[in-house]
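Trainee: If you want the building blocks of each chain, they are given just below.
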Amino acid sequence: MAAISLKNVTYSYKGAAKPAVNSVSCDFEAGTLYAVVGPSGSGKSTLLALLAGLDLPDEGEVLFGGESIAALDLDLYRREYISMIFQAFRLFPLLTALENVCYPLELVGVKSAEAKRRARELLASVGITEEEMRRFPANLSGGQQQRVAIARALASGAKVILADEPTGNLDVENTQTVIDILASLADERDYCVIVVTHDAEVADMTDVVYRMKDGVLSRER
Amino acid sequence: MVTKYVLRHIPRAPVRSLLSLLLAAALTASLGQFIAIVRSNRALVDEMYDKAEVYASPANRSGVVETSVPFGAVDLLLSADFASGFYGESTGLCFWVTPAFEDGAASLYATTDPELFGRAIGMTYAEGYDADVFAESSDNVCFLGEAALEKLGLKLGDEVNLSGADESRRKVYADIYGGDAFMEGLRFTVIGSFRTGIGDYDILMPWGTIMRLYDRFYPGAADGDGTMQTAVQFRVRNDLLRDERSYRDSPNELLAKSSSQRIAALTLRVFDDEVKNVIKPLEENTDLLELLLPFVGAAVVAIGAAIPGLVILQSSKEAATMRALGTTRRRVMAMLVCEQMLLTLAGIALGVFGLFAAHGFGHEAAADLSGAYGYFAACALLSAAVCIAASAFVSAGSALKLLQTGE
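Chains A and B are the protein sequences, given in the same order. Mapping of the first sequence onto this note's numbering: residues 73 to 293, in sequence order. Mapping of the second sequence onto this note's numbering: residues 3 to 409, in sequence order.
Don't read these hints as lab results, they were simulated from the structure. Treat the hints loosely; a few may be bogus.
Heads up, simulated DSS-like pairs for lysine-lysine below, C-alpha to C-alpha not over 25 Å straight-line [as the list claims (entries may be wrong)]:
id : chain 1 : residue 1 : chain 2 : residue 2
1  : A       : Lys-86    : B       : Lys-278
2  : A       : Lys-188   : A       : Lys-231
3  : B       : Lys-157   : B       : Lys-278
4  : A       : Lys-90    : B       : Lys-403
5  : B       : Lys-6     : A       : Lys-86
6  : B       : Lys-278   : B       : Lys-53
7  : A       : Lys-285   : B       : Lys-403
8  : A       : Lys-79    : B       : Lys-403
9  : A       : Lys-79    : A       : Lys-90
10 : A       : Lys-188   : B       : Lys-403
11 : B       : Lys-278   : A       : Lys-183
12 : B       : Lys-6     : B       : Lys-319
13 : A       : Lys-183   : A       : Lys-231
The structure presented is a predicted model; accordingly, all values stated were derived computationally and were not measured.
If we strip away everything but chain A, and leave its shape as in the complex, we get (with noise of 0.2 Å):
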């Protein structure tokens, strides 16, 4: 069974023309790294947006695990079954980077402790060290930035990744890193994971590559 699947997926923006996503089906299976390509605009962002359940389409379902999502607590949806990493970021910046990883555990109920014990590990396993831990996001360069976002990402123990442009502010030796990691999670821990980019060699790093244009996702690779 898919991981999570897109069924005849319609979604507008308020007052747009044309849809955003134009009945798009598709099946994201795990251990898989998946690529979603397309010039701006084209729906990728918008895609990605529907798979984490940020909102819901207006036509055609996301499944989880064979279930509609729009049956599921979305808040719970996004805390717990899928985890995204963003361009920017969006770490907090009043939190230390292990104070960021420990957020999503503190949120599902892990007590403090653990999570730091947890947080901690997920940390290393990124490569990130016990001192830069410490430090505020202003304080670490992009590239580790991005890593303790795929702590974060991977710290609520969802198995679905949904990455929107990881690497867009990323130099070449950063990007290679984070595109590392997340294949590593997807070959050696079953992580299904979703990577929109515009970025034709980011492409080439992963296992299957669809490509979006005005609103359909065709399959490239």
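Once you have looked at the hints, place chain B on chain A.
Mentor: Relative to the frame of chain A, chain B by itself:
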């Protein structure tokens, strides 16, 4: 989790937190002090009106004090209920204190308020007498000038004979009453003394007594216009000064208030320099401050409430991330509201504490600031309302919309 968020955020954004705290404290203290000033000014004005001594005399249309006022008019003025005391000098009746005052008649004064009459010259009472007893008496009691007492070798409580009217009138009235009518029943107890200015022989009697004597020597005169009373002056009641603004602005309103045509026809010359020069400017200033208070209060409360609201609006990006990570809208609102309300309430508390400290704590401070409590509460409530509204705004709508707005 909300507590942890708040406790982390406040110290980690020290400038923002300190500014919010100090601004709330400063606005609270400023508003409280403004209210305290208005209240203390009003209390001061009332107190000054209570202590003010405003005198009025009947005057002619040119504002010159009338030297001849009919007894009836004086009686009407007193009955018009705006005079708290009255004194006047009689010219229609004079006495000799027999047998010593052979060299001149004594000036005769009457009053309903010996304190008023003697406010500048000092009064001494015989044992068992005071101003009230004197004022309400119509017995044969009188005050004599200190020099007269000394000259006659009298002490307070002694009795003296008064001899009424001059020789020619004695004869006329002797024909009417027979015998020496003017020596009968004119034995007076000296119940007090006063320091006199020009005339050592001045005599002061209660108003009721002198009216009775007039009626005796000039039957019917007290009700008519024939007998005159000069140098009439009465004191305007303080409660009227304090409570009836129209009297202050236009003293002749006192007269217009009377239903008597005879009073309404009078004009008053008011001696109220203190009121005009000191109290009224302070009162006008206080009126202006009181007029401004609701506007100033509303502005301060609005600014005080707007600041935490604006801080929350600035947190929209953070709120969007929280929502994207699956934080419920209610929890996002709680985090944002609690942080700002904690700072605002702490600021208000700090401002109130500072105000109380400045006013020396205790009951006096509580009284000074009692009018401000409502504004403080309004500030806290409005701040809470604005914080809730702002947090509702930044967390409203789909998480997708929030993320796009927060980008």
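Trainee: For a C-alpha distance cap of 25 Å, please report whether Lys-285 of chain A and Lys-403 of chain B respect it.
Mentor: Holds, at about 22 Å.
Trainee: Are the Cα positions of Lys-183 of chain A and Lys-231 of chain A separated by 25 Å at most?
Mentor: 22 Å, holds
Trainee: Please verify whether Lys-6 of chain B and Lys-319 of chain B have alpha carbons no more than 25 Å apart.
Mentor: 19 Å, holds
Trainee: Between Lys-278 of chain B and Lys-183 of chain A, is the straight-line Cα distance small enough, at 25 Å or below?
Mentor: Since the Cα atoms of Lys-278 of chain B and Lys-183 of chain A sit roughly 74 Å apart, the hinted pair is violated (cutoff 25 Å).
Trainee: Is it true that the CA of Lys-188 of chain A sits at most 25 Å from the CA of Lys-231 of chain A?
Mentor: Holds, at roughly 21 Å.
Trainee: What's the verdict on Lys-86 of chain A and Lys-278 of chain B, does the C-alpha distance respect the 25 Å limit or exceed it?
Mentor: 70 Å, violated
Trainee: Need the status of pair Lys-278 of chain B, Lys-53 of chain B: alpha-carbon distance at most 25 Å?
Mentor: 14 Å, holds
Trainee: Can the restraint linking Lys-188 of chain A and Lys-403 of chain B be considered satisfied, given a maximum Cα separation of 25 Å?
Mentor: Violated, at roughly 31 Å.
Trainee: Is it true that the CA of Lys-79 of chain A sits at most 25 Å from the CA of Lys-90 of chain A?
Mentor: 19 Å, holds
Trainee: Within a Cα-Cα threshold of 25 Å, do Lys-6 of chain B and Lys-86 of chain A meet the stated pairing?
Mentor: 38 Å, violated
Trainee: Taking 25 Å as the top limit, are the C-alpha atoms of Lys-79 of chain A and Lys-403 of chain B close enough?
Mentor: 22 Å, holds
Trainee: Tell me if the straight-line CA distance from Lys-157 of chain B to Lys-278 of chain B falls inside 25 Å.
Mentor: 43 Å, violated
Comparing the model with each numbered hint stated earlier shows that hints 1, 3, 5, 10 and 11 do not hold.
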